[in-house]
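I would like the entire structure built from these sequences, with the hints used as guidance.
If you read the protein sequences in the order shown, they are chains X and A.
Everything in the first sequence is counted per my numbering, starting at -7 for the first residue and increasing by one.
Everything in the second sequence is counted per my numbering, starting at 315 for the first residue and increasing by one.
Hints are not guaranteed to be accurate.
Which residues of chain X face chain A? A few of them, derived with a C-beta cut under 8 Å, are [to be verified]:
(1) Q0
(2) N3
(3) D6
(4) W65
(5) P147
(6) P149
(7) P155
(8) N173
(9) P178
(10) R209
(11) L251
(12) D260
(13) D307
(14) Q308
Quick caveat, the hints were computed from the structure, so don't treat them as lab data.
For clarity, every value in this text was computed on a predicted model and none was experimentally measured.
Glycine included, each C-beta is placed from N, C-alpha and C at the ideal position.
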Amino acid sequence: MFEVIFLQFLNGLDKGAAYALIALGLTLVFGTLGVVNFAHGALFMLGAFCAVMFRQFLTLETVTIDPTQLSPWGAPLEIREPLVQAWFGDFGAILVNYSVPASILITIPIMLLIGIALERGIIKHFYKRPHAEQILVTFGLAIVAQEVIKSIFGPNPIPQPMPTDLRGAADIGAWLGMQANVITYPLWRMIYFLFSAVVIGGVFAFLQFTTFGMVVRAGMADRETVGLLGINIDRRFTIMFGLASVVAGMAGVMYTPLLPPNYHLGMDFLVLSFVVVVVGGMGSLPGAVAAGFLLGILQSFASMTQIKAFFPGIDQIIIYLVAVIILLVRPRGLLGRRGVMES
Amino acid sequence: MTLLKRGLSRRRVLQTGMAGIIGTGVAPMIFTKGAWAQEFCNNPTGDTVTIGLNLPLTGAYAEEGADELKAYELAIAHLNGEGDGGLMNVLTPSALTGNGILGKKVGYVSSDSQTKSDVARAGATRMIERDGAIMITGGSSSGEAVAVQSLCQEMGVIFMAGLTHSNDTTGKDKRRYGFRHFFNAYQSGTALGPVLSNAYGNDRRAYHLTADYTWGWTQEESIKNTTEALGWETVEAVRTPLGAGDFSQFLTPVLNSGADVLILNHYGNDMVNSLTQAVQFGMRDRQANGKDFQIVVPLFSELMAKGAGENIKGIYGTSNWHWNLQDAGSVAFTKSFGAAYGSPPSQAAHTCYVQTLLYADAVERAGTFYPPEVIKAMEGHEFDGMGNGRTLYRAEDHQCMKSVLVVQGNDAPTSEYDVLNVVQEVDRETVNYDPSIFGGELGPAEPVPVCA
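Below is the structure:
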C-alpha cells in the first residue's frame, strides 16, 4: 500500500508542478498589473508551439521525387534527406534528439517579445477598465491566438518526442534501497517537476533578491507612491508581463512530450489555472504555487480505485469541490490579501 | 342513414365523393403507384443531389475526420465519373454508372462535429434542414453515430455511419434508417481472443482503461467476456473521460495493481496519449507476476499507430481494413487514394468511401431516392470487391457481416505508414453472431417523416 500511496503522491507532485507553473504566470500578471489575463493559457500553448516549430525546422528534409518508382499506394516515390544531419553530422542528430529542451533557448526571446508586444499593444489600454472588460479582451486574444495556430499547424496534436536518454521510467524504489521495479516513475515527468521547481524558485529569487524585483514588489503594494519617487514602474510592469509570458511558454515547451500540443491546449488549462489562482488567493505567488500542488495531489489521490469505490467520479470534481470549500472557509483563498479584487 | 332518409342514395354519395377527389386533383396521385411515397425529406428535384458529411475535423478523433473527408471527396468524384473509378471498378454486383446517382451529379456539404454528439446532431440537423442533404454520413465516434442515427430516423433521412465500433450502434440503438459497414466491439473480441491466448497464455490478469461513453463501455464488456472466457482475471476496469489528455493519474494505479496486461479501450488521440504515457511509465519493460507486462489495444487504426510511433511495436489489436491487403478491392482503393493524396488510406477513410458507394448503388438498384425503397435495397444485400471479402448487409440489424483483421504493431516499419502487420484475417463466419443478443428495435421505414 505504501508503494501505491507514494506513486500517487509523485503523480500529484508532477500534476501540481504543471498547475503551479501556469498559475504562477497568471497570478504574476494579476498581482503586478491588476489584469485578469484569460490569454495566459494561450501563452502556454504558444510556448508549446515554439517547440513544434523548432523541431520542424530541425527536421527539414530535401524531397526528391523518383517518378520511376511507385510507393505501395501508387504515389511516386519520395526520397527524403534530413538537412540538419547532412549539414552538422552527429551534432545535428543530437540537436534533433534534444529538440524539446533545446527549444527553450528560442522560446525565451520569442515569448518575451510576444508578451511585451501584447502588453504595450493591447493590455495597457485596459488597466483602468473593469475586470469584465479585461476578461473579454484577453479571452478574445486567446481565441485569435488559437485560430492562428490552427490555421498554420492544423487541428491535430503534433507529437514531440523526448530525448531518447530520458525516455522510460526511473526506478525510484531501487534508489531508495527498496526492491527493484516496485516504485517506478517516468523520468521526463520527474524532470518536469524539477524544472518547475527551478523556474518557480528563480521567479521568487528574482523578485526577492534583485533591485528590479524589489521595485516591482513595491509597485505591487503601492503603484502610485513608487511612481511619485520617479521610478518608471510601467516599464517594469511591462517587463513583468513579458516574464510571465516566458514562464508560461517554457512550461508549454517542457509539457509537449507529455501531451502532444494542439491549438486547444491553452483552453484546456485555462479554467484549471484560474481555479488554482483563486484557491491560492488572487495575486499571491506563494498561494498559486501552494494551490497548484495541493490540487494536483488531491486530484491524483482521488483517482485511486480505493477512493473511487466509495465516491464514484470524485476524480472529476475534486478540484472544484475543494475550491468551493476553501472559498467558503477562506473567501480570499489560501494566501489571498485583503483588498485584492474587492471594492 | 340520415343522408339516405333525406333522399341521397349510396351511389350518389360515391359519385359526389369521386367528383370531389378528381376536382381537387388528388386522383392522379392515388392512382399512380408510389406517388404519395415520393413526398419525402429533401427529394432531389434538380440535376444535383447533396449528401451531408458529418466529420470530426477537431477534437479527439480529428485525424480520422480529416482522412474521412478525403475519402468522401474521392468517392464523390468517382460517382461523378471523375478519376480512375476506384472501387466502382471492382464492386460486384454493381448498378453504379459513373454518372452521379440516378443521373444527378453528386455534391456535398460538411459540418465539423468536433467529436461531440450534440454538435454532430446539430450539424446533421442543419445539413438536412438548410442544405437539403438526402443522406447523412460520417463520424468517428459511436456517441456521434448513435445520436445522428436517431435524428435521421426521426427525419426520414438515411444515415450511413462512418467509423463507429460500439455494439450499441447496430444493437440496442439500431435504427431502420441507419447502416454500419464498420465492424464492432463484439467482433473484435471474437477475433482477438485466440490470438491473445496463443501469444500470452491463459493465466493473465488484465487492467482496463476505458473511454467513458457507449463505445468504450461495449468494447470493455466484449473484451472482458473474451479474456475471461480464456481464463484471464479482470483486476480492474477504470473509466476515463473522453479527451482526457493526461492519463497519468489513471496509469499510476496500474503499476502496483497486480495486473500483467493493460487493455486500452481508447481510440484516436486518447489512445495515442494513453499508450505513449503507459510506455513512459515503463510498462513495456516491466515484469509482473513473473511475466512480461503486455499492453493490448483492441481497436487499432493506422492513424493512431502513426501518432503513437514506435510505442505500438508488437502490440495486438483489430482493424476493419488495412491498406496493405492484397485483394483487388484493397489494391484499387489504396492506389486511387494514394494517387490523389500521396498517402495510403486509413480504415476510417475506407469505410466512409465504401458507405458512399453502397448508398449510391442501393439508390440505383431501387431506382429512386425514396428512403424506404433504398433501405429495402440495402437490407440483406450481399456484395464483394470492397476489400473485406464477401459482405452481407444484414437485414436484422443493418450490420455489415464480413471478415475482421487481427493486427500487430510493426517491429520494423519501412515507412511512416508501414506501422501495422496483418496477423490474421478472421473470416465472416467466425465473427458472426445472433443479432438479437444486443436487443433494440430497428423501427419502421414508413410512414416517412417529411422534414421541414
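Each hint tested on the structure:
At a threshold of 8 Å, the smallest CB-CB gap from X/Q0 to chain A is about 6 Å, leaving the interface hint in force. This hint holds: X/N3 has a C-beta 5 Å from the nearest C-beta of chain A, less than the 8 Å allowed. Restraint check, X/D6 versus chain A: the minimum CB separation of about 7 Å is within 8 Å; hint holds. The interface hint given for X/W65 holds, since its Cβ lies 3 Å from the closest Cβ of chain A, which is under the 8 Å cut-off.
Below 8 Å, beta-carbon pairs count as interface contacts, and X/P147 has one with chain A at about 4 Å; its hint therefore holds. Nearest Cβ of chain A to the Cβ of X/P149: about 6 Å, under the 8 Å cut. The hint holds. Interface hint status for X/P155: violated, as the beta-carbon distance to the closest one in chain A is roughly 13 Å, over 8 Å. Of the supplied interface hints, the one on X/N173 holds, with its beta-carbon coming within about 6 Å of a beta-carbon of chain A, less than 8 Å.
Because the closest C-beta pair between X/P178 and chain A is about 4 Å apart, less than 8 Å, the hint holds. The closest approach between the C-beta of X/R209 and any C-beta of chain A is roughly 34 Å, which is over the 8 Å cut-off, so the hint fails. With its C-beta approaching chain A no nearer than about 5 Å, X/L251 sits inside the 8 Å limit, and its interface hint holds. Taken as an interface hint, X/D260 checks out: its beta carbon lies about 6 Å from the nearest beta carbon of chain A, inside 8 Å.
At its closest, the beta carbon of X/D307 sits 7 Å from a beta carbon of chain A; the interface hint therefore holds under the 8 Å criterion. Because the smallest distance between the Cβ of X/Q308 and any Cβ of chain A comes to about 7 Å, under 8 Å, the interface hint for this residue holds.
The structure does not agree with the numbered hints 7, 10 stated previously, though it agrees with the rest.
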